[in-house]
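Trainee: Construct the entire structure; sequences and hints are all you get.
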Amino acid sequence: MSEAPGATGSPRAALGGGLALAAAIVAFGFVGSRLLGVVRTIVIANAFGASPELDAYNVAFRIPDLIFQVLAGATLGSAFIPVFARKFEREGPPAAWLLASRVLNLVVLATAALCLAAFMLAPVLVPAIAPGLGDDLGRSEKLTGRAVELTRIMLASTLLFAASGMLTGMLNGRERFFLPALAPMLYNLGIIFGAVVLADRWGVNGLAFGVVLGAGMHLGVQVPGVIREGFRYRPTLGWADPAVREVGRLMAPRVVGLAAAQLNFVVTGFFASKVGASAISNMTYAWLLAGLPLALFGMALSTAVFPRLAGQVARDELDALNETVSRVLRLIMFLTVPAALGLALLREPAVVTLLERGAFTRSDSLMTAAALGWYCLGIVPQAGIEIHSRGFYALGDTRTPVALAVLAVAVNLALGALLWDPFGVRGLAFAVGAASWVEWLALYALFVRRTGWGPWPELAGIARIALAGALMGAALAVVSTVLRYDTWVNAAVSSVAGTVVGALAYAAAARTLGVPEFEEVVGRLTARLRRPHAA
1 MSEAPGATGS PRAALGGGLA LAAAIVAFGF VGSRLLGVVR TIVIANAFGA
51 SPELDAYNVA FRIPDLIFQV LAGATLGSAF IPVFARKFER EGPPAAWLLA
101 SRVLNLVVLA TAALCLAAFM LAPVLVPAIA PGLGDDLGRS EKLTGRAVEL
151 TRIMLASTLL FAASGMLTGM LNGRERFFLP ALAPMLYNLG IIFGAVVLAD
201 RWGVNGLAFG VVLGAGMHLG VQVPGVIREG FRYRPTLGWA DPAVREVGRL
251 MAPRVVGLAA AQLNFVVTGF FASKVGASAI SNMTYAWLLA GLPLALFGMA
301 LSTAVFPRLA GQVARDELDA LNETVSRVLR LIMFLTVPAA LGLALLREPA
351 VVTLLERGAF TRSDSLMTAA ALGWYCLGIV PQAGIEIHSR GFYALGDTRT
401 PVALAVLAVA VNLALGALLW DPFGVRGLAF AVGAASWVEW LALYALFVRR
451 TGWGPWPELA GIARIALAGA LMGAALAVVS TVLRYDTWVN AAVSSVAGTV
501 VGALAYAAAA RTLGVPEFEE VVGRLTARLR RPHAA
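Residues in the sequence shown are numbered consecutively from 1, following our numbering.
Rather than coming from a laboratory, the hints here were simulated on the basis of the structure.
Some clues are possibly wrong.
Subject to a maximum C-alpha distance of 20 Å in a straight line, what follows is the list of computed DMTMM-like cross-link-like pairs (lysine to aspartate or glutamate) [to be verified]:
1) K274 - E141
2) K274 - D486
3) K87 - D316
Fair warning: this is a prediction, and the values are worked out from it, not measured in the lab.
Mentor: Laid out in structure tokens, this is it:
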């Protein structure tokens, strides 16, 4: 980045300059990764549909992913980056890189220990998280055994991701976003290779090998970046280092929070295994599609802004922190509200267009679309959680987001237990969305109270965005009455036509209502388009 981490200036200028570039780079990574993720999903759907073997693969994915997210994710997000950034600000690069080595070593060792335990206990863990796997087909023992085998294969990827996640944290802490943005693309390419090439020989095991290959590429591409920044590996743990202890102190509650977030997936998978064959896989497809706008907008902007938030807190610039969070929140709302509404209203043609081919049948499309519609309920609050939780992390408060994440798990568990039997995948997806709203609204209220920020102008702006979204939704609801998805061609035409109508309706409504983010986005796009001609 052109702007040094410690650069000063008005928050508005900073947000318009350095953050815009950072967000563009991160968005490039998220867009590229998610587009490849869509390709990955299409390839897997074509090869495996929503087969029982793919259910076993999706169940097996949960345990390695849980270990990685809880350990490496906790260190990367709320604990390591603020301490690492402060080390650079106050003590210089040598002290910061020594801290990085020590935390890297501890995270990898802890991950290795958990992976070994999970490898040994896989025959116990897999039936515990998916007790209904294969029951309705009379193949419970065989599919559970396959899930155990796949779990053990993919645990290797967890160890690779633990190291890679730390490298991502180092680069993000230095506000270097390109390689961390590129790494997920390579991960998806590894899985695609597994689905296209390795699966021909090893079936669903080829997907698992592709996950390991992708994790290795995710790590390898970032190594040159941290070396170029000045990192030199040191085989030291530094238990007595106060900075290491601070990372551990910040990490401890975040471990609980991330475990809670991952438990939402476990809860959904637990009840989905009871719904019947294909429910796990179809809900996984639906979640991947619903996660696209969340990643492109909520995660991309929040990831890009977090080092800046940490720097503002380090410089005691609380007003700048509040203004940055507010502007990013409004921009996230401006982008996610129409995306969530559009995806919900166009869910059937979208699923048919993207997935219905090969082994993926019309019944799979209908079940996936049913879950997708209710998953869209949670896109907006989950995007809000991304930015407000990072606001708390920048302030050194990991306990508040953790407590609310645990609350969300409790809500999801209670609703899932009530709704899975009468409503199937619809009820489970609704439970996730409702829990997300409870978590975000509480997080928002507590952030306002913690910072003393006056939210009313911000809420008025969000209300205008919501009204523009409602007008767009009304236009799409009218158009959707004539859309057809009985064939792939009709579904594709309906998806494109619906997207165009929705985008035009939202743009017209946002402009008429005077939504500032509309003018900002249009202005930036216009400036970028004119820049080559002005050169």
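Trainee: Hint by hint, work out which the structure violates, then give me just those numbers in ascending order.
Mentor: 2
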